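Asker: If you read the protein sequences in the order shown, they are chains S and Y. So the first sequence is numbered by my numbering: it starts at 188 and just counts up by one. So the second sequence is numbered by my numbering: it starts at 188 and just counts up by one.
A hint or two may mislead.
One copy or any two copies: either way a pair holds, since identical chains are not told apart in the list.
Derived DSBU-like pairs (lysine-lysine); straight-line CA-CA distance at most 35 Å [what the hints assert, rightly or not]:
#: 1; residue 1: K435; residue 2: K221
#: 2; residue 1: K602; residue 2: K221
#: 3; residue 1: K435; residue 2: K445
#: 4; residue 1: K287; residue 2: K429
#: 5; residue 1: K445; residue 2: K602
#: 6; residue 1: K445; residue 2: K287
#: 7; residue 1: K602; residue 2: K435
#: 8; residue 1: K566; residue 2: K445
#: 9; residue 1: K602; residue 2: K253
#: 10; residue 1: K253; residue 2: K435
#: 11; residue 1: K607; residue 2: K445
#: 12; residue 1: K429; residue 2: K221
#: 13; residue 1: K806; residue 2: K728
#: 14; residue 1: K221; residue 2: K728
#: 15; residue 1: K728; residue 2: K566
#: 16; residue 1: K566; residue 2: K221
#: 17; residue 1: K566; residue 2: K253
#: 18; residue 1: K287; residue 2: K435
#: 19; residue 1: K445; residue 2: K221
#: 20; residue 1: K566; residue 2: K435
#: 21; residue 1: K602; residue 2: K728
#: 22; residue 1: K806; residue 2: K445
These aren't lab readings, by the way, just hints derived from the structure by calculation. Small disclaimer: the values here were computed from a predicted structure and weren't measured.
Number of protein chains: 2
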Amino acid sequence: MTDSGAHALDASAIQALIRPESIAVIGATADANKLNGRPLHYLRRDGYRGRIYPVNPNREEVIGFKCYPDVESLPEAPQMAIVAVAARRAVAAIEALGRKGTRAAIVFGAGFGETGEDGRRLERQLLDTARETGIRVCGPNNLGVINAFDGVTATFSQYASEPPVAGPVAFASQSGAFGTGIAALARSRGVGFGYFVNTGNEADITSTEVLEQLLDDDRIEVAAAYLEGLKNPESLLRLAGKAIRLGKPLVLTKVGRKAAGVRAAASHTGALAGEDAVFDGIARQYGIVRARNEEHMLDLVSAFTACAPPRGPRVAIVTQSGGAAALMADRAEELGLEVPVLGEDTQARLRATIPPFGIPGNPVDLTAQFIAEPAVLTKSVEIALSDPGIDIAVIWFQLMHAFADELIDVLLELKRSVRKPFVVCWLAAPEAAVARLRGEGIFVSGATERAIDAIAGLHAYGEALRRLRGTTRPVSGATRPDGVGAARPLPTVAARHLLSGAGIPLVDAELAADADAAAVIAARLGLPAVVKIESPDIPHKSETDGVRLGLASTDEVRAAAADVLAAASRHRGDARIDGVVVQPMAGPGTELVMGVRRDPVFGPVAMLGLGGVFVEMLKDVAFARAPLMREDVPSMIESLESRAVLRGARGRPAVDMESLTDILVALSRFAVDRPEIVEIDLNPVVAGPDGLTAVDWLVLSTEPRRVDGTPREEG
Amino acid sequence: MTDSGAHALDASAIQALIRPESIAVIGATADANKLNGRPLHYLRRDGYRGRIYPVNPNREEVIGFKCYPDVESLPEAPQMAIVAVAARRAVAAIEALGRKGTRAAIVFGAGFGETGEDGRRLERQLLDTARETGIRVCGPNNLGVINAFDGVTATFSQYASEPPVAGPVAFASQSGAFGTGIAALARSRGVGFGYFVNTGNEADITSTEVLEQLLDDDRIEVAAAYLEGLKNPESLLRLAGKAIRLGKPLVLTKVGRKAAGVRAAASHTGALAGEDAVFDGIARQYGIVRARNEEHMLDLVSAFTACAPPRGPRVAIVTQSGGAAALMADRAEELGLEVPVLGEDTQARLRATIPPFGIPGNPVDLTAQFIAEPAVLTKSVEIALSDPGIDIAVIWFQLMHAFADELIDVLLELKRSVRKPFVVCWLAAPEAAVARLRGEGIFVSGATERAIDAIAGLHAYGEALRRLRGTTRPVSGATRPDGVGAARPLPTVAARHLLSGAGIPLVDAELAADADAAAVIAARLGLPAVVKIESPDIPHKSETDGVRLGLASTDEVRAAAADVLAAASRHRGDARIDGVVVQPMAGPGTELVMGVRRDPVFGPVAMLGLGGVFVEMLKDVAFARAPLMREDVPSMIESLESRAVLRGARGRPAVDMESLTDILVALSRFAVDRPEIVEIDLNPVVAGPDGLTAVDWLVLSTEPRRVDGTPREEG
């Protein structure tokens, strides 16, 4: 469904889900303690103004609403329906609703894909029925949706046991229980969820698809989601692009960072898990702010609703406690933020403002003097933020129950007087003061490091906006892997031909059928040379002692070629042996690893890392989705632990970033254009004084015969 | 002050500070809003039963207490005094109190060491006066101390504006404002601070010294501190040792993890900052649990007061939410915990207990069924914990306002019925329920990942207890560096002699005065050989092209020696050149870095790391304080990112751990025995098939003449 007609249809179905003019409740009952009773009570309580149709053959009315015996008897096609019947009866209900003309339905029932083969069969049946009759399904195995602006409390979530409070955040969750917990925490912090959508098993409608629609609502400033797996990655990428275009931050928490979490998530949703490092790279590439957990998510969401992103990473810390200041400075540095010493002028102005025992550097320590004289705080923050070397400030204090009103006045005055953003960290604060400040659009953290974490999120988003706004990302075609199972390595020379044609610089390589031919080729390509066994049955050449480096003469080449051919026959008598590949030996340089692979979720992705232990032991690689824009490469590098080496740390020459970008972009385009290519590994690419050159490569393809290799190789 | 008499004297002074039978307040006033007024009000409010003596020449009485004009007029020597006068008058007050016989005084005033040279002078004067007259000083620049058991609220901290609540935690903080915030947060979580001690500038009494005494109180179960720098590292180490002996966890938050935090801490306390990696290593070595920040500290403190440490790292996750479970599983793996699949038997028993849509693996997903049937929760946790492969459980749910009482009953029943520890994570919980559970000794986290962080802390402490209990750590002598400034490198052969005598295996090395001598030596030591320039003026040999490796014949050795000698003269005509060092070339193997250095805080520390980028780029090294016990080495290795390589990952042979331990222990003993040795670097030590051998070394000493080197070298 990528054509715009289908997409517009989807949009109107999602609108029906979240902003219906009429709602039917299939299986409605009057008991507010039952999950099929709660939605009616909530809809009435929260002033839903559309038409409500309980459906239940055993009742005439339910809590004052006229009740209908079946879907067919309804006076109109309800725009949306809540299907609150057992799993085995849900398919029939969806069929009846679809035929009636209902656009969207929420299916509460559990017992579908999350429970094993029988459940998966039932879920497929549900989806087939929905597709056939043109209705879209939210769920199954979910708690429903809430549109707090319009009183659409179409849920049995405990969160709705108190009336939802509308606000500028659209929130979607695959998990019902965790989503409920997050929504309740948000309410207790005064963060209003304008929309709450639980998508459960996502048989049809996904969280990202709903958020895509919700972003269009002018009352929504931030989108947030809790994800376990991605059933519709294209929708996530569309959502991310739209969020950047509209300047509305998208905050995601996704589990599956580690094997244990992947296993846990898979066991209860059956969702497909791609590699977490790939998700992480694509999130960065698309300007998605990833939150570690529910606390971090709510901190970021609150910060985004209150604060503009800073223009850079430079933080001023203004505090009554040197201790807290030191903790924040530590955290800032850990997160790649800066706490620069303030300019001479700024320090002089601060010195004239703060008490004699205060410290005007950065952190700025006001001591407790500002309690007696609140203007000290106001002025100090103004002065610190006026420094051209500062982008954002954090103000820290604790308790102050006796002076809360004065402090609130100071902070509100600052909110009016300063142009740069600031956040507040107030430990053990009076609850009313925090509520008041949050209500006035000031971000208040109750934990010292978390205030800095929020600044890091604001900065990351600002950086993404600067990088991505105004760019147009090319849309790639199919993202699913093509028959990965059948992939085989291409012969070395054929692979070289293919990659070279795609613009990748590689060292020369030719196939020699025997030792004498190898010597002749080496003389032509240049010495010293490298000889490697060539066999489709020996993917790991070192297994059979199949590689010889630094061969200084044609005699050495001949002897080495004879050796590796003999060793291969000895170790693997059954293998087809094509000969040996001869290459000139590469010069010295920094060794990189570059490549593309097909992620099961996102399709072709490009990979970059520094060679050696960084890849082998530390898995320090960065991913981005193909095709890459040139702008994507600096942030890939930024995310590497080993970035300093690439930039020329410790006396090494810096890697040529233009060439590196050329290669990554070319690889990524190639992978998009050639869906039969499953994986390319250039390992290593040597970045030397004469630029970058791949000296070893592996290309896995599902169609080795289609490759335009040299005829000799294809035999 | 290491002799036991002095130590006993200190103990009684600290007892006077925290448990005084009489208290004088110097500069007392009646105004409860002033810092010199609050303590009297608080002492009266909190029922302090000792004798109280306000001292103020301008008053006859203060809030009902008879007031004295000066210290001399007091009817007895007060055991403790609060000096609440300006900095410049504090020295006179301390002198008078010391002469009167007062044991300990709190000096509130700011304007001492934290404010510059004048202040530092005043602080030294204060300390000299105290030492002269035998009184111990807490502060200056602090908020005072609280002993909540005995109503000793000797503070002007805002925390005491409500009466302190006694409990099993002894807390000390160098920072007043941050300490106050932490104490207030603890109260709001129901964590009772039996003692609260703010030590400010620590001119005399340190946080760790006070905690050492407080640990003896049977009512104290956990000690916690916020530190910015260590003025008395011996006291920290004694405290840590005592905490392990008594089985009372010690939780520390220390800033200065990064350069920015170090600068921030230094600017406001002037405290000496050692290297953070050294502090981290020593904390691990001594069984101190390090908390990242105030939230983490309070989570750990709460967990320790409620939970026994688990016997191992294996966690069962029991939950109503697969999403939260996946997040917890991710976090557990990140922190080195395990979430093992439950045994077949356990799964079968669970399957018979939980509802059909539940999942019996691990995480155990109960769905929401346990709300209707609380026994499902009780039984599931009992079954999961009965699995011999499980050490601890975490139980997760959210909201449940309507079922809070049932859940409380379940958890209290579990607390009685299970022997293994468990923690609870309850999102958006009813406040009363959390308070009740905490009161009953159950740890409740309000955030998903933080529940796992707490388990990791419990496990780390359990591991430290198993490792350290029953061991006796050798006490080393001086820990301060001896004249580091004057240190010079020893000649290579002299250094080899010294290290070899200490039991370190090193490759052969001899000095050759000229090229011919080099060839003769190489023939004797074995080929291939290495030649290096030897000059006290060329510490970095590669600068002058001064190293040649892999010399295969005596001719090559001769030529190489002539080359490096000529190059040295050419590059550094002014240098004294002693000749070349000749060594046999080392075989292949895993390259390690080992050494000792003198930390400015802790004195001699041993260092271990994997060579190459792990040390150069990633600073992946582990420290422990010398002298090492053999038991210290495994946890050093455990803390390395590169530990898998040492253990033989990816087909490499494992490093011989016995030999590695021998060398580290020998190095550490040597550093303790020879205070003139400032630094030893063995880089690399090659771990090959024949064991470990150092192939390059550097020894810095303040007394190069005292070294027992070969005569030839000493010329």
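Asker: All hints are to be evaluated individually against the structure, with a verdict given for each.
Answerer: Outcome of the hint check:
In this homomeric assembly, K435 and K221 never come within 35 Å of each other (Cα to Cα): the closest approach is 37 Å inside a single copy and 49 Å across copies. Taking CA atoms no more than 35 Å apart as the test, K602 paired with K221 passes between copies only; the shortest distance there is 31 Å, against 47 Å inside one copy. Taking the closest pair of Cα atoms, K435 and K445 come within 35 Å of each other both inside a single copy (29 Å) and across two copies (33 Å). For the homomeric pair K287 and K429, the shortest alpha-carbon distance inside one copy (33 Å) is at most 35 Å, but the shortest distance between copies (77 Å) is not.
Taking the closest pair of Cα atoms, K445 and K602 come within 35 Å of each other only across two copies (31 Å); inside a single copy the shortest separation is 41 Å, beyond that limit. When the C-alpha separation of K445 and K287 is checked against a cutoff of 35 Å, the pair qualifies neither within a copy, at 46 Å, nor between copies, at 65 Å. Taking the shortest alpha-carbon separations for K602 and K435, only the intra-copy value of 21 Å comes in at or below 35 Å, while the best inter-copy value is 47 Å. In the homo-oligomer, the alpha carbons of K566 and K445 lie at most 35 Å apart only across protomers (29 Å), although the nearest pairing inside one protomer, at 47 Å, exceeds that limit.
Neither within a single protomer nor between protomers do K602 and K253 lie at most 35 Å apart by alpha-carbon distance, with minima of 52 Å and 50 Å respectively. For the identical chains of this complex, K253 and K435 are neighbours neither inside a copy (42 Å) nor across copies (66 Å), given an alpha-carbon limit of 35 Å. With identical chains, the CA atoms of K607 and K445 are at most 35 Å apart between copies only, with a shortest distance of 26 Å across copies and 38 Å within one. Within a single copy, K429 and K221 get their C-alpha atoms no closer than 39 Å, and across copies no closer than 57 Å, so neither meets the 35 Å cut-off.
Taking CA atoms no more than 35 Å apart as the test, K806 paired with K728 passes in both settings, with 22 Å inside one copy and 34 Å between copies. When the C-alpha separation of K221 and K728 is checked against a cutoff of 35 Å, the pair qualifies neither within a copy, at 65 Å, nor between copies, at 80 Å. For a Cα distance limit of 35 Å, the shortest separation of K728 from K566 qualifies neither inside one copy, at 69 Å, nor across copies, at 55 Å. With identical chains, the CA atoms of K566 and K221 are at most 35 Å apart between copies only, with a shortest distance of 25 Å across copies and 57 Å within one.
Taking the shortest alpha-carbon separations for K566 and K253, neither the intra-copy value of 64 Å nor the inter-copy value of 44 Å comes in at or below 35 Å. With identical chains, the CA atoms of K287 and K435 are never at most 35 Å apart, being 37 Å at best within one copy and 69 Å at best between copies. Taking the shortest Cα distances, K445 and K221 never come within 35 Å of each other, neither inside one copy (37 Å) nor across copies (54 Å). Taking identical chains as interchangeable, the C-alpha atoms of K566 and K435 lie at most 35 Å apart only when both belong to the same chain, with a minimum of 32 Å there against 46 Å between chains.
For the identical chains of this complex, K602 and K728 are neighbours neither inside a copy (65 Å) nor across copies (59 Å), given an alpha-carbon limit of 35 Å. In this homomeric assembly, K806 and K445 come within 35 Å of each other (Cα to Cα) both inside a single copy, at 13 Å, and across copies, at 24 Å.
Violated hints for the displayed structure, listed by number in ascending order: 1, 6, 9, 10, 12, 14, 15, 17, 18, 19, 21.
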